[in-house]
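From first to last, the protein sequence lines stand for chains A and B.
Residues in the first sequence are numbered from 10 upward in steps of one, following my numbering.
Residues in the second sequence are numbered from 1429 upward in steps of one, following my numbering.
By construction, these hints were calculated from the structure, which means they are not laboratory data.
Keep in mind the model is a prediction, meaning the values are calculated, not measured.
Idealized CB from N, CA, C, for every residue including glycine.
Be aware that one or more of the hints could be misleading.
Under 7 Å between C-beta atoms, here's a sample of chain A residues computed to sit facing chain B [unchecked claim]:
no., residue
1, 70
2, 92
3, 109
Here are a few chain B residues that sit away from chain A, every Cβ distance over 10 Å (derived from the structure) [to be verified]:
no., residue
4, 1478
5, 1490
6, 1499
7, 1541
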Amino acid sequence: AQSVAQPEDQVNVAEGNPLTVKCTYSVSGNPYLFWYVQYPNRGLQFLLKYITGDNLVKGSYGFEAEFNKSQTSFHLKKPSALVSDSALYFCAVSLPGGYQKVTFGTGTKLQVIP
Amino acid sequence: DGGITQSPKYLFRKEGQNVTLSCEQNLNHDAMYWYRQDPGQGLRLIYYSQIVNDFQKGDIAEGYSVSREKKESFPLTVTSAQKNPTAFYLCASSIDPGPTDTQYFGPGTRLTVL
Chain A
10 AQSVAQPEDQ VNVAEGNPLT VKCTYSVSGN PYLFWYVQYP NRGLQFLLKY
60 ITGDNLVKGS YGFEAEFNKS QTSFHLKKPS ALVSDSALYF CAVSLPGGYQ
110 KVTFGTGTKL QVIP
Chain B
1429 DGGITQSPKY LFRKEGQNVT LSCEQNLNHD AMYWYRQDPG QGLRLIYYSQ
1479 IVNDFQKGDI AEGYSVSREK KESFPLTVTS AQKNPTAFYL CASSIDPGPT
1529 DTQYFGPGTR LTVL
């Protein structure tokens, strides 16, 4: 079985400050990890993914995430938050081998305060 | 929202009524997916299709049905057997159904039972 946990329902950060949205995973094997963002009443948009190689993954809109195997984490980060970053963020995991469904976390609402 | 369209944007269903949600993609993707999103529960997989004329049940398929007669179309029918259908429904597609493939999402359909 595979699962992801997003321990914070909401994260508040001041504009211009660094932001972190946390994600931990539980799998048997080597995971593939994803971050998606959802703006109100819209579909999800892909931000970045970790497949293999460099543990630091850079994605869209200045976001990055670090794969930490020992801590089973894949936290999303950005050096300087924008008000327009306010949205719902989802972490997701899948496993190698044929078709493997993607399991999504419950989401973290990011609120950037002007 | 890329090349995936969902219609209608809002849908109202009476008790005992079947309704069909449309999903069309022009990305030439082989794989398509239907998810249900409820507040605080993330995304749950209803059905997925890896190729035309083939589809598989996801985690919460009861009360739903799908077809995949054309590569670009993957309609979802919410039947009267689905006892709590009020939710936000998201369609997605990916180039292949593999575990590393990015999923591209449509804008969603919000279904409300009257």
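Right, here's what the structure says about each hint:
1. 70: 15 Å, violated
2. 92: 22 Å, violated
3. 109: 4 Å, holds
4. 1478: Incorrect as stated: the minimum Cβ-Cβ distance to chain A is 6 Å, not above 10 Å.
5. 1490: Holds, because the least Cβ-Cβ distance between residue 1490(B) and chain A comes to about 17 Å, which exceeds 10 Å.
6. 1499: 17 Å, holds
7. 1541: Non-interface label stands for residue 1541(B): nearest chain A Cβ at 18 Å, farther than 10 Å.
Checked against the numbered hints listed earlier, the structure breaks hints 1, 2, 4; every other hint is satisfied.
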